[in-house]
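Model the full assembly from the supplied sequences, consistent with the hints where possible.
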Amino acid sequence: MGMPLYWRVCLINGLVLVAATVALAVLPVTVSARVLVSEAIVLLLGLAGIVVLNSLLLRTSLAPLDRLIRLMEQVDLQRPGQRLPEDGSGTVAKLVKSFNAMLTRLEIERGTSNAKALAAQEAERHRIAQELHDEIGQSLTAVLLGLKRLADRAPEELLDEITLVQETTRAGLDEVREVARRLRPGVLEDLGLHNALAALATEFSARGMHVRRVFSPGLPPVAPETELVIYRVAQEALTNVARHSGADLVELSLRRQGSHLVLGIEDNGRGLRGAEEGTGIRGMRERALLIGGELQVDDRPGRGTAVRLFVAAEGLS
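In this note's numbering, the protein residues as written are 27 to 343.
Bear in mind the hints are in silico, worked out from the structure with no lab data behind them. Please note: incorrect hints may appear among the correct ones.
[Claimed, not checked] Restraint ranges, calculated between C-beta atoms of paired labels, are given here: (1) Glu-320 <-> Ala-225: 54 to 60 Å; (2) Gly-198 <-> Met-128: 49 to 55 Å; (3) Leu-171 <-> Ala-225: 27 to 33 Å; (4) Glu-148 <-> Lys-123: 34 to 40 Å; (5) Thr-189 <-> Arg-151: 32 to 38 Å; (6) Met-128 <-> Ala-149: 29 to 35 Å; (7) Glu-251 <-> Leu-184: 50 to 56 Å.
Even glycine gets a Cβ: it sits at the ideal position worked out from N, Cα and C.
Set out below in structure tokens:
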């Protein structure tokens with residue numbers, strides 16, 4: 027077991043004082059009753075040497091603590107794997123090892139809790155979408171049927187008003203169905219990832235920006251939870267582009283790159299312009315961690331933003 031930090035500091039200072047005492051005893055140096063300028067210079071040089079030597083020894087011993095403090099200030103659990111080298115022994119080395127072990131536990135616990143939270147979120151989205159479709163959607167459909175029967179018997183002067191109410195109700199029904207579809211991507215379950223991403227591109231193209239699709243052929247199938255994460259990341263990224271970037275052209279791609287499956291969303295908008303990552307990007311990072319993936323967000327001044335999701339080979343089935 028290494029020497030405790032307290033005793034190490036005491037030993038360093040003791041060695042410095044012993045060296046200074048030996049130097050005074052051995053060197054032919056004397057101090058007059060009235061200190062001369064030359065003697066004062068020697069004393070000051072000796073004091074400076076003691077301070078410098080003591081500082082260097084303490085800095086060497088406490089350097090791991092400085093590295094640990096910097097990592098504590100910069101650590102981000104959304105970017106796992108940040109660790110300090112576990113060199114040496116003693117109190118500082120034990121502290122570094124304990125900190126690394128704590129980071130490992132936190133990453134595991136955070137991943138588990140995030141998986142449960144996102145699973146609960148998807149289940150709640152599914153429930154709300156089902157209620158919107160089954161209850162509100164059916165109620166609005168019944169209203170439309172009632173309005174049609176009313177229009178068949180209504181006097182001529184009321185037909186325009188009834189028609190207006192019908193159109194408003196039909197628009198509301200379409201909005202309810204659209205919200206339900208965004209909450210629960212049924213096309214993903216029914217037709218697969220490629221068709222779901224294609225439908226997503228078509229939906230956002232209808233909002234006024236051109237979404238170009240680039241899907242590599244022969245991509246391997248992935249697990250359902252990986253498909254859902256890829257779809258949600260694409261959905262969130264395209265939503266951010268539509269809301270904040272001012273882009274009129276977006277490329278949505280899905281490619282195989284070495285041992286990774288890569289989802290890309292690149293726009294020609296104004297970029298992040300130094301803004302901090304918002305909840306949308308952090309949410310995408312959380313989802314990427316659930317499948318062992320990595321999210322990269324590149325701000326390209328004058329050329330928009332590029333979002334890429336890398337799913338490692340072990341995430342492929």
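So, going through the hints one by one against the coordinates:
For Glu-320 paired with Ala-225, a C-beta distance near 26 Å fails the hint of 54 to 60 Å. Under the hint 49 to 55 Å, the C-beta atoms of Gly-198 and Met-128, about 52 Å apart, fit the expected range. The hinted window of 27 to 33 Å between Leu-171 and Ala-225 holds, with their beta carbons roughly 29 Å apart. As the Cβ distance of Glu-148 to Lys-123 is approximately 38 Å, the hint placing it in 34 to 40 Å holds.
About 35 Å separates the C-beta atoms of Thr-189 and Arg-151, a value consistent with the hinted range of 32 to 38 Å. Separation of Met-128 from Ala-149 is about 31 Å and conforms to the stated range, judged on CB atoms against 29 to 35 Å. Hint check: Glu-251 to Leu-184, Cβ distance near 54 Å, so the stated range 50 to 56 Å holds.
Going through the hint list in order, the structure does not satisfy hint 1, though it satisfies all others.
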